[in-house]
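Asker: Sequence:
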Amino acid sequence: MSSNKVEFAVNMNGKNCVKAVERSLESPHIQIVNIDLEKNSVVVESSLPTIELLQKLEESGRKVVVKGLGGSAAGVALLETGKPDVRGVIRFVQLQNSCIIDGTIDGLEAGNYQVSIHENGDISRGCDSCGETFNPNGLEGKPYGDLGPIKAEMNGRSTFRFENKIVKLPELIGRSLVISQPSKNGEKRISCGIIARSAGLFENPKTICACSGTSIWDETEDPRKSSL
Numbered sequence: 001m002s003s004n005k006v007e008f009a010v011n012m013n014g015k016n017c018v019k020a021v022e023r024s025l026e027s028p029h030i031q032i033v034n035i036d037l038e039k040n041s042v043v044v045e046s047s048l049p050t051i052e053l054l055q056k057l058e059e060s061g062r063k064v065v066v067k068g069l070g071g072s073a074a075g076v077a078l079l080e081t082g083k084p085d086v087r088g089v090i091r092f093v094q095l096q097n098s099c100i101i102d103g104t105i106d107g108l109e110a111g112n113y114q115v116s117i118h119e120n121g122d123i124s125r126g127c128d129s130c131g132e133t134f135n136p137n138g139l140e141g142k143p144y145g146d147l148g149p150i151k152a153e154m155n156g157r158s159t160f161r162f163e164n165k166i167v168k169l170p171e172l173i174g175r176s177l178v179i180s181q182p183s184k185n186g187e188k189r190i191s192c193g194i195i196a197r198s199a200g201l202f203e204n205p206k207t208i209c210a211c212s213g214t215s216i217w218d219e220t221e222d223p224r225k226s227s228l
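Mapping of the sequence shown onto full-length UniProt numbering: position 117 corresponds to residue 117, and the numbering continues sequentially without gaps.
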């Protein structure tokens, strides 16, 4: 599994905070690239899902926000359409030879689900208007946009990280990502969101939210913003 770099904003106010962050990241699966106390920035390289990295950083007792992902391109889909209780964030990072798809979804019933890219970035009629699974070259067997299966645990959460060597992120921007559940009558669409471009590494310098005027640390009081 390929690794990628992730930049976090971490609310640090002294050298003791830096040491706490370093201790929280002690793992053979995590390489610390840079910790900048002045900029409240922590950059790591890892093959772990972003949510696991964020949770490890939160063990330092600091507030943490994901700021950017390393790669030639980055994207994100917010799952906010479909079943009201289902919410999630799916991140995409385009590397040289593969695309990393990294997600966390909450509010699911325990069981198996399918993640797929669909043709249309249209959620005007919910997930029904997303079109069919994206398959531009008419591939036989597994369609181009079929990303793979995921499993939700008893707590309703699914955390996953795929490395896909077929899809290219620039071809996915503006389309939709759909979470489906197998049923007797085929797959039932549970949740969906439109794939948009997102900040890459060091491309998100903001510390104040333009929409609310609050600091990013105040924004983390919303648990969905901080943990997803």
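Treat the hints loosely; a few may be bogus.
To be verified - 27 Å max Cα-Cα, derived DSS-like pairs, lysine-lysine:
| no. | residue 1 | residue 2 |
| --- | --- | --- |
| 1 | K39 | K63 |
| 2 | K5 | K83 |
| 3 | K142 | K188 |
| 4 | K168 | K184 |
| 5 | K168 | K5 |
| 6 | K168 | K188 |
| 7 | K151 | K184 |
| 8 | K83 | K39 |
| 9 | K5 | K165 |
| 10 | K15 | K83 |
| 11 | K5 | K19 |
| 12 | K151 | K188 |
| 13 | K15 | K39 |
| 14 | K5 | K188 |
| 15 | K83 | K165 |
| 16 | K142 | K168 |
| 17 | K39 | K5 |
| 18 | K83 | K19 |
| 19 | K188 | K83 |
| 20 | K19 | K39 |
| 21 | K5 | K15 |
| 22 | K168 | K151 |
| 23 | K63 | K5 |
| 24 | K184 | K165 |
If you're looking for bench data, these hints aren't it; they were derived computationally from the structure.
Asker: Run the structure past the numbered hints and jot down the numbers of the failing ones, going up.
Answerer: 2, 4, 8, 10, 14, 15, 18 and 24
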